[in-house]
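S.K.: The hints should help you fit chain P onto chain C, whose structure is shown.
One letter stands for each residue in the lines below.
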Amino acid sequence: MKKWIIMLVTVVLGLIGLSGCSDSDAASGGEKDGKAEITYGFWDKKQVPAIEEIIKLFNEKYPDIKVKTEITPYGQYFQKLETAATGGALPDVLWMNGAHVVQYAEGKVILPLSEMAEKDDYSLDNYPESLIDLYTVVGEVYGIPKDYDTTGLWYNKKIFDEAGVSYPDETWDWKKLKEAAKQLTDKEKGIWGYAALMGNQGGYYDFIWQNGGYIISEDNKSVGFDQPEAIEALEYNVSFIKEGLSPTQAQMTETAASELFSSGKIAMMFDGPWMVPEYKKNPDLDVAVVPQGKKRAVSIHGLSNVISSNTKHKEEAWKFVQFLGSKEAAEVFAKTGTVIPAFNGTQDAWKESVPNLNLQAFIDGAEYSVPLPSVENTGEIWQYETDVLKKAWSEEISIEEAAEELTKKANEALSK
Amino acid sequence: MKEVPLQTEVKSANRIKVSSLAKTRKRSDYFWAYLMIAPTMLGLFIFYLWPIVQNFYFSFTEWGAFGQYEWTGLDNYKRLLEDATLLQAFKNTSIYIIFTVPIGIFLSIIVAVLLNQNIKGKSIYRTLYFLPVITMPAAIAMVWKWLYNADYGMFNYLLSLVGIEGPQWVSDPNIALYSIIAVAIWSGIGYNMVIFLSGLQGIPKMYYEAAEIDGAGPVTVFFKITLPLLSPVIFFVSIMSLIGAFQVFDLIFMMIGKSSTALESTQSIVYLFYQHAFVLNDKGYAAAIAVLLLAVILIITAIQMVLQKKWVHYD
Chain C
1 MKKWIIMLVT VVLGLIGLSG CSDSDAASGG EKDGKAEITY GFWDKKQVPA
51 IEEIIKLFNE KYPDIKVKTE ITPYGQYFQK LETAATGGAL PDVLWMNGAH
101 VVQYAEGKVI LPLSEMAEKD DYSLDNYPES LIDLYTVVGE VYGIPKDYDT
151 TGLWYNKKIF DEAGVSYPDE TWDWKKLKEA AKQLTDKEKG IWGYAALMGN
201 QGGYYDFIWQ NGGYIISEDN KSVGFDQPEA IEALEYNVSF IKEGLSPTQA
251 QMTETAASEL FSSGKIAMMF DGPWMVPEYK KNPDLDVAVV PQGKKRAVSI
301 HGLSNVISSN TKHKEEAWKF VQFLGSKEAA EVFAKTGTVI PAFNGTQDAW
351 KESVPNLNLQ AFIDGAEYSV PLPSVENTGE IWQYETDVLK KAWSEEISIE
401 EAAEELTKKA NEALSK
Chain P
1 MKEVPLQTEV KSANRIKVSS LAKTRKRSDY FWAYLMIAPT MLGLFIFYLW
51 PIVQNFYFSF TEWGAFGQYE WTGLDNYKRL LEDATLLQAF KNTSIYIIFT
101 VPIGIFLSII VAVLLNQNIK GKSIYRTLYF LPVITMPAAI AMVWKWLYNA
151 DYGMFNYLLS LVGIEGPQWV SDPNIALYSI IAVAIWSGIG YNMVIFLSGL
201 QGIPKMYYEA AEIDGAGPVT VFFKITLPLL SPVIFFVSIM SLIGAFQVFD
251 LIFMMIGKSS TALESTQSIV YLFYQHAFVL NDKGYAAAIA VLLLAVILII
301 TAIQMVLQKK WVHYD
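As they're listed, the protein sequences go chains C and P. Read in the UniProt record's numbering, the first sequence has 68 at position 68, and its numbers run on one by one without any break. Read in the UniProt record's numbering, the second sequence has 105 at position 105, and its numbers run on one by one without any break.
Just chain C, with the same shape it has in the complex:
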């Protein structure tokens, strides 16, 4: 009997000890000397200098709102958010991409902003319409656009000069790209003409669209990977590897293609404007618009800032999001050349931030761009794309087999 009482006492004592811990935790996360502290979650460490400058400018205006940054590498970003959202521990303000916004909005873990924007007379007309559309779920806007990105054909001028090939321009098509890749490939020097990346944005999506195919049908019920246009596009993509014009999939996982490219081992590759801070360091590199297939197409995607539903400082978070979406903040991003700011009219400043690169190529692409598809299970479909297409890229299975398997899995995900 007494044993039980002693046990009880120890348990109670232990619990008091534990609750003591949690109390002090809560105190440290809250307000300090009248200042509200909000956290800002994002993934790209290349943008840290720009973001820090923006926070500094923000604090000149609102000295009482402290902003703490929280960087998670992209590879783990959405996994961490998922867990944080389940536990109600999301950062107050965070980056969102088109693939996940529907899921997060329907899961009610991020706040609709339309009402607040209306109340504060905050105009959403300052951003490209396609981006506002991307972040509108059932009539409510959930994110304020931050930037957008299209894809360009990056190339190494030195390798072109040595091989006597003229630089890519807007007249290039699939045939020309292949020809040039053949001329530029130099096995002895270890130079590949082109990197056939296994990525959707700025990779097979763009080729599929250029070939007249589609990724997700208009009724959001099926995917188009097994359509003849898509199979042809995927085959074109992998043919570079088969013909020895591109590093193999295994080689590109050993050393990232972007690293091979910036060290002069690859002559041409598709990549986005987010690589500008990296590629501008090598004076041999420049960029042109992506070649055309049956028609011109390039994928466009943009990030936005959203507010989590679990925030304790809704007002402050909204003020910060407004500031992040302001012209002032866009100009900081433009100046540092990190990303194409979404705020209309600030793109020219971005273009001029790195005058030795033909950044106009990315802005030109926006004209005929196709937004990345976004449904509730986009993240899951992306995972299947990686799982399945990887095997086609490493030539374990044929393109037809991969397309069939991927279509089956993705359609199942869509029907959930």
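Incorrect hints may have been included.
What the hints assert, rightly or not - Straight-line distance between alpha carbons at most 30 Å, and here's what the computed DSS-like set of lysine-lysine pairs gives:
hint	chain 1	residue 1	chain 2	residue 2
1	C	Lys187	C	Lys281
2	C	Lys221	P	Lys78
3	C	Lys408	C	Lys242
4	P	Lys91	C	Lys281
5	P	Lys91	P	Lys145
6	P	Lys145	C	Lys189
7	C	Lys391	C	Lys189
8	C	Lys391	P	Lys91
9	C	Lys391	P	Lys78
10	C	Lys391	P	Lys145
11	P	Lys258	C	Lys187
12	C	Lys187	P	Lys145
Bear in mind the hints are in silico, worked out from the structure with no lab data behind them. In this text the structure is predicted, and so the values were computed from the model without any measurement.
M.R.: Below, chain P alone, put in the same frame as chain C:
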């Protein structure tokens, strides 16, 4: 004559006093003992036992986004039976265990026996062998990944000096798992070595002296004295390494990229669990995988417990 009963009376009275004292003493000992272990016990209940119970429950559910779930009965377990990837993961994990556990134990015993001799600078060697244990697994994985890099890594550079074109250590599906196994063995030696060292030092010197007098050579001494007397420690280490090897995750996660061609041939059961729980957000199925893993570990450990009677000597 009178003194005798008196004495026994006193004695028995004393005894009663002592025993009641012992009882109260015991009681307060219990109190302090429970108080002292309370934080650990609470931690164990809250962070281990309760999650196991919850995990078992969740293995019968299917999860939607952000923590909603519904009861689906045995569906997840039915899926387990048909999952070819799971079978592959079991195969990968088994290969990993078959290589890391015996080779790891064998090498650590050798190192421990060598470092138990009176050699110069043995504490320096002991520290060197122990260093990988105190290094973060993530850091170890990163460094080895660079060493293994096919284009710029040190191994292939050294091989190229003698005219051999090295393989793609971590991207070739046929090799990647063995590359990981090598790292696992390397990083595990130090920890097991320390346990074996303490075991070796627990073997009484007199056995060795007797063997010397009888004229036994070092090899006979090792097999007839060291190994049998070390067997309880070997048993302990093999149980712990086996459980650890079943749960391998960090090395694979860090060294094999998500879009790597070698992922299928390297992913372990826990990696698959992670993939379902946190990437595909299929937490119910992930919970079922965890239950299966727990069951397999329990069965294998039980088999080891039975088998130990045949080879472990407690003197």
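S.K.: Decide if the proposed pair is consistent with the structure: lysine 187 of chain C and lysine 281 of chain C, CA atoms, cutoff 30 Å inclusive.
M.R.: Answer holds: lysine 187 of chain C to lysine 281 of chain C is near 26 Å, not above 30 Å.
S.K.: Under the criterion that the straight-line Cα-Cα distance not exceed 30 Å, is the pair lysine 145 of chain P, lysine 189 of chain C satisfied?
M.R.: This hinted pair holds, its Cα atoms lying about 25 Å apart.
S.K.: Taking only the CA atoms, is the gap from lysine 391 of chain C to lysine 91 of chain P under or equal to 30 Å?
M.R.: Cα-Cα ~20 Å, so holds.
S.K.: Holds or violated: lysine 408 of chain C and lysine 242 of chain C, Cα atoms, limit 30 Å.
M.R.: 26 Å, holds
S.K.: Just to be careful, I want the Cα atoms of lysine 391 of chain C and lysine 145 of chain P compared with a cutoff of 30 Å; is the pair within it?
M.R.: 22 Å, holds
S.K.: Keeping to a limit of 30 Å between CA atoms, is the pair of lysine 258 of chain P and lysine 187 of chain C held or broken?
M.R.: 28 Å, holds
S.K.: Does lysine 391 of chain C pair with lysine 189 of chain C here, judged by a C-alpha cut-off of 30 Å?
M.R.: 28 Å, holds
S.K.: When you check the alpha-carbon spacing of lysine 221 of chain C and lysine 78 of chain P, does it fall within 30 Å?
M.R.: Since the Cα atoms of lysine 221 of chain C and lysine 78 of chain P sit roughly 27 Å apart, the hinted pair holds (cutoff 30 Å).
S.K.: Against the 30 Å threshold, does the CA-CA distance of lysine 91 of chain P and lysine 145 of chain P hold or violate the hint?
M.R.: Status holds; Cα separation ~23 Å.
S.K.: Keeping to a limit of 30 Å between CA atoms, is the pair of lysine 187 of chain C and lysine 145 of chain P held or broken?
M.R.: Judged against 30 Å, a Cα distance of about 25 Å means the pair holds.
S.K.: Run the distance test for lysine 91 of chain P versus lysine 281 of chain C: straight-line Cα separation, threshold 30 Å.
M.R.: 46 Å, violated
S.K.: Can you confirm whether the C-alpha distance between lysine 391 of chain C and lysine 78 of chain P stays at or below 30 Å?
M.R.: Holds, at roughly 27 Å.
Checked against the numbered hints listed earlier, the structure breaks hint 4 alone; every other hint is satisfied.
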